Amino acid sequence: MIKARVTVTLKNGVLDPQGKAIEGALGALGFDGIGQVRQGKVFDLQIETADKTKAEADLKAMCEKLLANTVIENYTISLA
Amino acid sequence: MKSAVVQLPGLNRDRDMIAALTKISGHKPVTVWQTETEIPDVDLIVIPGGFSYGDYLRCGAIAARMPVMQAIKVKADQGVKVLGVCNGFQILLEAGLLPGALMRNASLKFVCREVKLEIVNADTDFTRAYSNGQVIRSPVAHHDGNYFADAETLKAIEGNGQVVFRYAEGTNPNGSINDIAGVMNAKGNVLGMMPHPENLIEAAHGGSDGRGIFASALNVIAA
Numbered sequence: 122m123i124k125a126r127v128t129v130t131l132k133n134g135v136l137d138p139q140g141k142a143i144e145g146a147l148g149a150l151g152f153d154g155i156g157q158v159r160q161g162k163v164f165d166l167q168i169e170t171a172d173k174t175k176a177e178a179d180l181k182a183m184c185e186k187l188l189a190n191t192v193i194e195n196y197t198i199s200l201a
Numbered sequence: 015m016k017s018a019v020v021q022l023p024g025l026n027r028d029r030d031m032i033a034a035l036t037k038i039s040g041h042k043p044v045t046v047w048q049t050e051t052e053i054p055d056v057d058l059i060v061i062p063g064g065f066s067y068g069d070y071l072r073c074g075a076i077a078a079r080m081p082v083m084q085a086i087k088v089k090a091d092q093g094v095k096v097l098g099v100c101n102g103f104q105i106l107l108e109a110g111l112l113p114g115a116l117m118r119n120a121s122l123k124f125v126c127r128e129v130k131l132e133i134v135n136a137d138t139d140f141t142r143a144y145s146n147g148q149v150i151r152s153p154v155a156h157h158d159g160n161y162f163a164d165a166e167t168l169k170a171i172e173g174n175g176q177v178v179f180r181y182a183e184g185t186n187p188n189g190s191i192n193d194i195a196g197v198m199n200a201k202g203n204v205l206g207m208m209p210h211p212e213n214l215i216e217a218a219h220g221g222s223d224g225r226g227i228f229a230s231a232l233n234v235i236a237a
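Chains as they are written, first to last, in our numbering: chain A, 122 to 201; chain B, 15 to 237.
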């Protein structure tokens with residue numbers, strides 16, 4: 122079995138209202154010097170295969186087809 | 015003119031849409047469930063609003079991968095008119111039938127109110143009943159209606175007349191770029207919009223400003 126983590130983040134230049142709100146809340150809690158907060162998503166997957174190459178190809182397809190909206194989001198894949 | 019209304023789990027504006035289409039065209043639309051792989055012979059397919067799949071992952075993301083969307087793509091390619099309202103707009107974007115994306119409202123709040131809509135392009139199959147620059151009333155109700163497109167896409171859709179509606183008179187409720195409230199595809203047969211015209215079609219609603227969109231799409235504009 123292969124364990125994988127997919128991280129989806131907003132592309133540069135895409136407005137992130139939730140990140141902005143978190144940034145403001147952190148400031149209100151007294152955390153100074155925060156330049157920017159960008160919110161993203163993490164997916165942990167377990168794949169029933171021993172074939173890393175196939176798993177990577179499948180994960181890429183999953184990101185392109187569903188996990189990320191590539192109009193506004195980037196993704197990275199890491200295998201454990 | 016025959017129409018169809020798509021139904022998916024979590025959509026809740028389907029009955030309003032069926033009522034509007036029935037009242038305006040005089041014919042009850044057929045309903046099409048998400049697992050259908052073929053759509054009956056109709057002139058207009060409508061994806062109504064709601065919260066398909068609980069808005070999980072991204073609004074409309076899971077609905078956009080259901081079999082019925084493949085069937086809609088085939089019909090859209092053939093030139094059949096497709097209208098997506100609210101969640102229906104989100105689904106059309108996620109399915110790649112329209113350019114851009116819808117993000118969380120800039121205020122981070124769900125907005126449920128009336129806005130003013132400018133008809134930016136009245137030369138479409140959906141807006142013939144109006145005139146360019148006309149401002150109409152329309153209800154909105156959404157959490158993720160903040161339209162975004164990259165600079166290149168924005169330039170293209172603005173240049174091609176694909177921006178059909180803009181929030182007018184400072185009523186942009188969600189932070190949409192260029193106040194965009196509705197866009198269509200380059201071919202002009204697929205339209206998505208965040209506002210709910212189906213909820214302003216008769217006196218009981220307090221007005222009928224939204225009626226023209228259905229009257230145009232269904233070719234039943236009163237002389």
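Honestly, the hints are just simulated from the structure, not real lab data.
Certain hints may be false.
To be verified - Straight-line distance between alpha carbons at most 25 Å, and here's what the computed DSS-like set of lysine-lysine pairs gives: (1) K42/B - K162/A; (2) K123/B - K181/A; (3) K169/B - K37/B; (4) K42/B - K87/B; (5) K16/B - K201/B; (6) K124/A - K173/A; (7) K173/A - K162/A; (8) K162/A - K186/A; (9) K130/B - K169/B; (10) K132/A - K16/B; (11) K162/A - K181/A; (12) K87/B - K141/A; (13) K169/B - K132/A; (14) K169/B - K201/B; (15) K123/B - K87/B; (16) K87/B - K16/B; (17) K141/A - K124/A; (18) K87/B - K186/A.
Stated by the list, open to error - Where chain A lies over chain B, by a calculated footprint (3+ residues, C-beta under 8 Å): (19) 67 to 80; (20) 116 to 126; (21) 222 to 232.
What the hints assert, rightly or not - Computed from the model, here is a short list of chain A residues facing chain B with C-beta under 8 Å: (22) V135; (23) L136; (24) Q139; (25) G140; (26) A142; (27) I143; (28) N190; (29) V192; (30) I193.
The structure displayed is predicted, hence computed values, not measured ones.
From the three backbone atoms N, C-alpha and C, an ideal C-beta is built for every residue, glycine too.
Results for each hint:
For a cut-off of 25 Å, the pair hint linking K42/B to K162/A is broken: about 42 Å separates their Cα positions. Proximity of K123/B to K181/A is assessed by CA-CA distance (about 33 Å); at most 25 Å being required, the pair is judged violated. Taken as a hint, the K169/B and K37/B pair is broken in the structure, with Cα atoms around 38 Å apart against an allowance of 25 Å. At roughly 23 Å between alpha-carbon atoms, K42/B and K87/B fall within 25 Å of each other, so this suggested pair holds.
With a C-alpha separation of about 21 Å, the suggested pairing of K16/B with K201/B holds against the 25 Å cut-off. Restraint check for K124/A and K173/A: satisfied, since their Cα atoms lie roughly 10 Å apart, inside the 25 Å limit. A threshold of 25 Å between alpha carbons decides the hint, and for K173/A with K162/A the separation of about 23 Å falls inside it, so the pair holds. Note on K162/A and K186/A: the hinted pairing holds, with a Cα-Cα distance of about 16 Å set against a maximum of 25 Å.
Between K130/B and K169/B the alpha-carbon distance is near 24 Å, which keeps this suggested pair within the 25 Å criterion. This hinted pair does not check out: K132/A and K16/B have alpha carbons roughly 41 Å apart, beyond 25 Å. Among the hinted pairs, K162/A with K181/A is consistent with the structure: their alpha-carbon atoms are about 16 Å apart, no more than 25 Å. Between K87/B and K141/A the CA atoms are separated by roughly 36 Å; this puts the pair beyond 25 Å, and the hint is violated.
Taken as a hint, the K169/B and K132/A pair is honoured in the structure, with Cα atoms around 19 Å apart against an allowance of 25 Å. The hinted pair formed by K169/B and K201/B meets the criterion: a straight-line CA distance of about 17 Å does not exceed 25 Å. Annotation: proposed proximity of K123/B to K87/B is violated, straight-line Cα distance about 32 Å (limit 25 Å). This hinted pair checks out: K87/B and K16/B have alpha carbons roughly 18 Å apart, not beyond 25 Å.
Distance restraint check for K141/A and K124/A: the Cα-Cα separation of roughly 32 Å exceeds the 25 Å cut-off, and the hinted pair is therefore not satisfied. The hinted pair formed by K87/B and K186/A meets the criterion: a straight-line CA distance of about 16 Å does not exceed 25 Å. Against chain A, the stretch 67 to 80 of chain B contributes 5 residues with a C-beta closer than 8 Å to a partner C-beta. That satisfies the three-residue criterion, and the hint holds. Coverage of a stretch by a chain is defined here by at least three residues with a beta carbon nearer than 8 Å to that chain's beta carbons; for the stretch 116 to 126 of chain B and chain A the count is 6, and the condition holds.
Restraint check on the stretch 222 to 232 of chain B versus chain A: 0 residues with Cβ-Cβ distances below 8 Å, three needed, restraint violated. Given hint, V135/A at the interface with chain B, holds; its Cβ is 6 Å from that chain's nearest Cβ, closer than 8 Å. Given hint, L136/A at the interface with chain B, holds; its Cβ is 7 Å from that chain's nearest Cβ, closer than 8 Å. Interface restraint check for Q139/A: the shortest CB-CB distance to chain B comes to about 6 Å, inside 8 Å, so the restraint holds.
Hint on G140/A is violated. Least Cβ distance to chain B is approximately 10 Å, over the 8 Å limit. At a threshold of 8 Å, the smallest CB-CB gap from A142/A to chain B is about 6 Å, leaving the interface hint in force. Because the closest C-beta pair between I143/A and chain B is about 10 Å apart, greater than 8 Å, the hint is violated. Residue-level restraint check for N190/A holds (minimum Cβ-Cβ distance to chain B is 6 Å; threshold 8 Å).
Evaluation of the V192/A hint against chain B yields a held restraint, the C-beta minimum of about 4 Å falling below 8 Å. The interface hint given for I193/A is met, as the beta carbon of that residue sits about 5 Å from the closest beta carbon of chain B, less than 8 Å.
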